[in-house]
Amino acid sequence: MSISMYRLTVPVFQRGLTTLSAYLDKAEKFAAEKAIDPVELVATRLAPDMLPLSGQYQRATDSAKLAVARLTGSEAPKFEDNETTIAELRARVAKTEAYLATVATEAFENAETREVIISSGGNKVVFRGDDYVMNFALPNFYFHVSMAHAILRNRGAPVGKLDYLGSFS
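Take 81 as the starting number for the sequence shown in my numbering and just add one per residue.
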């Protein structure tokens, strides 16, 4: 029995975005309780050469929307990458969720064999759709969700493994 490309992507991304939204709720509450400027929290990095929390949210949402667009041969919405507040990150996640909700299952017809080209830093990688999902899109998405988790956890925010995994129902 096979699994559809839609099922491998859209609901998985939606679940991760729900996790990111929940992190923002916890981050906001944590910042208020500890008298931390939320803007400072959004700018926090794990290491000097890593993206801050805002960048992790930007890349996670980009990963989700671009994967869906690439697999369906459609255009993804463009976001500015200028979020500096929790409210702005929350809005970005909501816009991504809204976009994913508009994509029909039928749009993924033949997505597993669709050619997906990623160009970054002068390098061009060509994937078959299913390989793209398994070897790039999902690992990249979860990397950025994990880094958001790690940044918040490193600052002392009460996020744990069950927050990362989310609801099982």
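Check the hints yourself; a few may be wrong.
Simulated restraints on C-beta separations [unchecked claim]:
| # | residue 1 | residue 2 | range |
| --- | --- | --- | --- |
| 1 | S82 | A123 | 41 to 51 Å |
| 2 | V119 | Q94 | 24 to 34 Å |
| 3 | S101 | S154 | 23 to 33 Å |
These are calculated hints, taken from the structure and not from any lab test. For clarity, every value in this text was computed on a predicted model and none was experimentally measured. Don't be surprised by glycine CBs; every beta carbon is placed ideally from N, CA and C.
Now the hints, each set against the structure:
1. S82 - A123: 41 to 51 Å: holds (44 Å)
2. V119 - Q94: 24 to 34 Å: Holds - the Cβ-Cβ distance for V119 and Q94, about 28 Å, lies within 24 to 34 Å.
3. S101 - S154: 23 to 33 Å: Holds - the Cβ-Cβ distance for S101 and S154, about 24 Å, lies within 23 to 33 Å.
Hint compliance for this structure: no hint is broken.
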